[in-house]
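Participant: So the protein lines, in turn, are chains A and B. To convert, note that position 128 of the first sequence is 128 in my numbering; the numbers rise steadily by one, no gaps. To convert, note that position 1 of the second sequence is 399 in my numbering; the numbers rise steadily by one, no gaps.
None of these hints come from the bench; they were simulated from the model. Check each hint, because a few of them may be wrong.
[Claimed, not checked] The calculated DSBU-like cross-link candidates involving lysine-lysine, where the alpha carbons are at most 30 Å apart (straight line), are:
| id | chain 1 | residue 1 | chain 2 | residue 2 |
| --- | --- | --- | --- | --- |
| 1 | A | K63 | B | K476 |
| 2 | A | K181 | B | K409 |
| 3 | B | K529 | B | K412 |
[Claimed, not checked] Using C-beta positions, here's what the derived DEER-type ranges look like:
| id | chain 1 | residue 1 | chain 2 | residue 2 | range |
| --- | --- | --- | --- | --- | --- |
| 4 | A | R332 | B | Q488 | 45 to 51 Å |
| 5 | A | A285 | B | Q488 | 34 to 40 Å |
| 6 | B | D401 | A | T263 | 32 to 38 Å |
| 7 | A | G16 | B | G448 | 41 to 47 Å |
Note that the Cβ used here is the ideal one computed from N, Cα and C, for glycine as well.
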Amino acid sequence: MQLTDEEHAMLAGEQGTLIQKSMEILVTLGEIYGATRMVEVTNVHSPGVSYRVAGDAGLDYVKEASGAGHFRVRTTLNTGGIDGFNWKEIGFPPDFVARQLELNTAYEDLGASPTYTCTPYLSGSIPQVGEHVAWGESSAIIFANSVLGARTNREGGPTALAAAVTGRVPAYGLHLDENRKANWLVRVNMKISSDRDFAVLGYFVGQTVGGGVPLFSGIHERPTLENYKALGAALASSGAVALYHVEGLTPEAPTKDAVLAQTYQTIDFGPIEYEAVVAKFSPAAPVNAVIFGCPHCSIEEMHRIAEALDGRRLHMDMWVCVSHPVYALAERSGYVRSIEDAGATILRDTCPILGATLDKGFKVVATNSGKLAHYMRGLWNVETSLLQFEDCIAVALQ
Amino acid sequence: MQDVVVLKGRKIVKGRAEGRALMTREAISFMGSTDPKTGTIIERGHEIEGECMQGKILCFPTSKGSTGGSYMLYDAVKRGVGPIGIVNIQAESIAVIGAIVSDLPMVDGIDISQIRTGDYVELNADAGVVKVYRDR
């Protein structure tokens, strides 16, 4: 790789061992992928923030870094393992909480912003079209690349940390124009409109294209922010998709011709494919809990849940997962009261996937999130039912 | 008698390892497909659900899913329940990053359909070579 003078100095250890070790990791990664240079990044979203994910190995890794330097670019933190406000009331185990708080302190001492959310783009971090960033969190990466038109590869905890202390990542993959073209054309042959519809589409396509770049055609109505969030999260759960395009709608896909690679594969998505995904998440046993907010709820989702629950009473557990900044707005808007008065629990900073598994008696969990439906089965040893939003509400009020 | 198959790929992370193969034709997310405390595959409906990656040369097409997977692979390796080497068709960044910090030998560009679970595998990542020994 061709490094600048400053990058050479970093690699030579002239700026300390943390920066040296970080640069070594980035150079190693760059050489694997044939990068010829580094690219400067303007911000970082760090994954590996939950103790569930980092483990003791990751905790030690971050603590060691924390004693040895400081982030040089603005860094937001992904979802953690506990509700940082109500961990005791919700019942997070004290041992886990202690480790999580140690990890939080290590990241915050490095200079990270305590966002604790998978939706940094709803908490003030909105990179622009063409801006190079280093993001972790598969659902956030795909949102940044696809909806915002920013540029990031799929960063893991160690490379996000390395990027945060050096302000660099190797210039490969989605940082380069040529790798942002679509190599799959997905013809959507049915009307899709709800978040669950988009999640089903994403789940199917992620399974099929793996790490490819799909272009969706046949989506004529502009998807909402929540639709995009649901689509991307599912694409990045069943597959490793980090970028998609929607013909005529997302920033890099004004037309099909503008964004399709010279060679590409074509797949169709219609009612048969839709029902095949739904069938995977249709357990026979009755639902006994409902969870929203994977990825974390937007203010519009908080509004929708509050409206549906206002003045009513839930007959089973309902969890609503959200970032603290969106919670603060929801509280001021009166949504938090409507949701909590109905008997639902609002979780901040965490979620069932990245948080500790708790003994809540959940057996069959209904959700409109493809990502949650996918991961929660194995992580909590439960069944999951992928329902429309209205059906999740109806089943919880029954 | 043994059959020996030699497969040539590309070095991702240097090093050598030998042991029994655990092979799947399905992608793996080290966050969500695996339990870092036990090394067991926990993704519901995964082709190798219930198998354990501890001490195995883990052969799978590519990684997928959550970016938490890098630390979770590292954690599993540190706890001694991780694989001792990785063989991919196409290396994806999350497993690569985990393997780099874990010093876990890793190669890609390998036709993993030539490898079966239980085969004895010599992985020479430096040379990008995978030698597969199978009892006849």
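Participant: State for each hint whether it applies.
Facilitator: Hints, one by one, checked against the model:
1. K63(A) x K476(B): holds (16 Å)
2. K181(A) x K409(B): holds (27 Å)
3. K529(B) x K412(B): Holds - the C-alpha atoms of K412(B) and K529(B) are around 16 Å apart, at most 30 Å.
4. R332(A) x Q488(B): 45 to 51 Å: holds (48 Å)
5. A285(A) x Q488(B): 34 to 40 Å: holds (38 Å)
6. D401(B) x T263(A): 32 to 38 Å: holds (36 Å)
7. G16(A) x G448(B): 41 to 47 Å: At roughly 45 Å between Cβ atoms, G448(B) and G16(A) fall inside 41 to 47 Å, so the hint holds.
When held up to the earlier numbered hints, the structure conflicts with none and fits them all.
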